[in-house]
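Could you build all of it, start to finish, from the sequences and the hints given here?
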Amino acid sequence: MPLSREHDLHSARSGRNLVVGACLCAFVLLVFALTLVKLSSGHQMEAFDHSVRPSLVKGDQ
Amino acid sequence: MKSALTVGANADLGVLDLLAMFKPRVMSLVVFTAMVGMIAAPVQVHPVVGLAALAFIALGAGASGILNMWWDADIDSKMRRTRNRPIPCGKISAADAKLMGLWLTGLSIVMLALAANPLAALLLAITIFHYVVIYTIWLKRRSPQNIVIGGAAGALPPVIGWVVATGQLAVEPLLMFALIFLWTPPHFWALSLYMNDDYERAGIPMLNVVRGDASARWHILGYACALVPVSLLLALGEAGGPLTLGAAVVMNSAFVYGAVKLCRNGKSAVRTRYREERRFFRLSLTYLFVTFAAMAVDSMLRPFLSGVMPL
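These protein sequence lines are chains U and P, in that order. Taking the working numbering, I'd label the letters of the first sequence as residues 548 to 608. Taking the working numbering, I'd label the letters of the second sequence as residues -9 to 301.
Rather than coming from a laboratory, the hints here were simulated on the basis of the structure. Backbone N, C-alpha and C fix where the C-beta goes; we use that ideal spot for every residue, glycine too. Fair warning: there could be bad hints in the mix.
Facing chain U, a subset of chain P residues (Cβ under 7 Å, in silico) [stated by the list, open to error]:
#, residue
1, V5
2, L8
3, H36
4, P78
Pasting the structure below:
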């Protein structure tokens, strides 16, 4: 049986897909905002690679 | 003849079904108590970090709800209250729900660790494990104390909220934990008193199903009394304040009075169609909301009042 464009399942699926898409966009935005906040509040930006470098050595205190 | 789409997996799953999978009512309670835990903490959280943490806590709560629905699909189909859930209705397969729950569990824990701190993520992992494995898989169908021990999962969100802000545990969040832990049994036993036949049909050994209504009513009164010192301690502690104290006095009085009425009205419950039990169930929701809302307001007012009066 051919499916018409107006089949109920199409509308159910498109609604569901829109919501999932919106959630994914919100997730990306949230992670982006979180990254900006973490970086601007002075969090460590470089991973430790077992070699000493100036940024890992605490300044003269 | 069915089309290819109708026999395809999850073709009928609509937006509302997808939302129902996350148990939005439970999730709202989790988010609310976690938010109050965060607000009551002495360290201020950046709004974006706080929002992200709440979103990932909500995601974890939703994921555990999905895993609960996956495991309980067989008994959900026998109960009036749950038979319209997406899995018993055949709108999503149990296997897909399990996958979805597991992926979202992992995602929520990892993201909370990155957004807040590892301790908060560990507590979220413990919450989900406790709800899904200890309560849903192990205790729910085996012990009349299912809701007592399982209640620990629902009691952890304010602790997670506090740890998101401070990075460590303290007495105050543990008192919040104790409050919700003691509140959970009377809340669910009131529900099971008027949903008795549902639980009996599904074979869930709720206290009233196994030991009778009278026992459940006395247990409700016992837990309502046990709540009094905990909520007063919370109100008089660092996280509390005058509003919390007022709320504790009013709500505990109403709660204990409601529990006494439940004990007295046992014989007339069927005749009154469980009016008191339904009222007590609604009262329990109000109790938790008012107590935690008062704590949040007290915490928000503290910086303004600290110079005016000793708190």
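Structure-based check of all given hints:
no., hint, in the structure
1, V5, "5 Å, holds"
2, L8, "6 Å, holds"
3, H36, "5 Å, holds"
4, P78, "18 Å, violated"
Violation of the numbered hints given earlier is confined to hint 4; every other hint is satisfied by the structure.
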